[in-house]
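Novice: Chains as they are written, first to last, in the numbering used here: chain A, 1075 to 1188; chain B, -11 to 103.
Keep in mind that a hint or two might mislead.
With a cut-off of at most 30 Å between alpha-carbon atoms, the simulated DSS-like pairs for lysine-lysine come out as follows [as the list claims (entries may be wrong)]:
no., chain 1, residue 1, chain 2, residue 2
1, B, Lys50, A, Lys1175
2, B, Lys66, B, Lys4
3, B, Lys59, B, Lys(-1)
4, B, Lys(-1), A, Lys1175
5, A, Lys1175, B, Lys59
Everything labelled a hint here was simulated from the structure, so no lab data went into it.
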Amino acid sequence: AQSVTQLDSQVPVFEEAPVELRCNYSSSVSVYLFWYVQYPNQGLQLLLKYLSGSTLVESINGFEAEFNKSQTSFHLRKPSVHISDTAEYFCAVNENTGFQKLVFGTGTRLLVSP
Amino acid sequence: EAGVVQSPRYKIIEKKQPVAFWCNPISGHNTLYWYRQNLGQGPELLIRYENEEAVDDSQLPKDRFSAERLKGVDSTLKIQPAELGDSAVYLCASSPTGIVENEQFFGPGTRLTVL
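In isolation and in its complexed conformation, chain A is listed as follows:
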């Protein structure tokens, strides 16, 4: 069975500082990987995903994540965060079965302060 570990429940950071949110997964088969973001009082939104091809994927708002198969990781990074990035971030894994069955991590709350 697949699983996702997000070791950091909360990450405080100052505005304009870099940030890394860690995600490790476990699966016996190949996987697809996702990061979802949940802003306060809103539903989850897809931030970025890795399906195939380049192991480095980027979002439109400056986040990036790199799929590392040997370390079974998919860490999320941003070189300079904004106050508006304050949200809960969920990593999710989907085994390569052709259809969607996401397994989510427990989430990391990113708190950006001025």
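Let chain A serve as the given structure and place chain B on it in line with the hints.
Specialist: Quick look at chain B alone, frame taken from chain A:
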């Protein structure tokens, strides 16, 4: 275009009472998902519909939970009777089809409190 609509947004009930949640997916989306999110946890899939057919309900506690999507559009999730441990946020999501390449779009959720 409207997103996934869920109602009610909040529900407080006493244990042993029944409760129902409603979801209207994005127009044209054939696949609908119900998730449960416990406090401090990520969402967990309860059931997935392809049109009106429940194709994955392996994680739905069938003794007290039921769901339906009669016309392949909106859906209802019911709990009867509710228990204290059912307090959670119930999320609905939809996607054009169930293939992994399609993005899931989530509603705002229904926060259930069982007293």
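Novice: Each hint should be assessed against the structure and marked as holding or not.
Specialist: Hints, verified against the model:
1. B:Lys50 with A:Lys1175: 19 Å, holds
2. B:Lys66 with B:Lys4: 13 Å, holds
3. B:Lys59 with B:Lys(-1): Within the cut-off at roughly 26 Å; holds.
4. B:Lys(-1) with A:Lys1175: With Cα atoms ~27 Å apart, Lys(-1) (chain B) and Lys1175 (chain A) stay inside 30 Å; holds.
5. A:Lys1175 with B:Lys59: Within the cut-off at roughly 23 Å; holds.
Hint violations for this structure: none, all hints satisfied.
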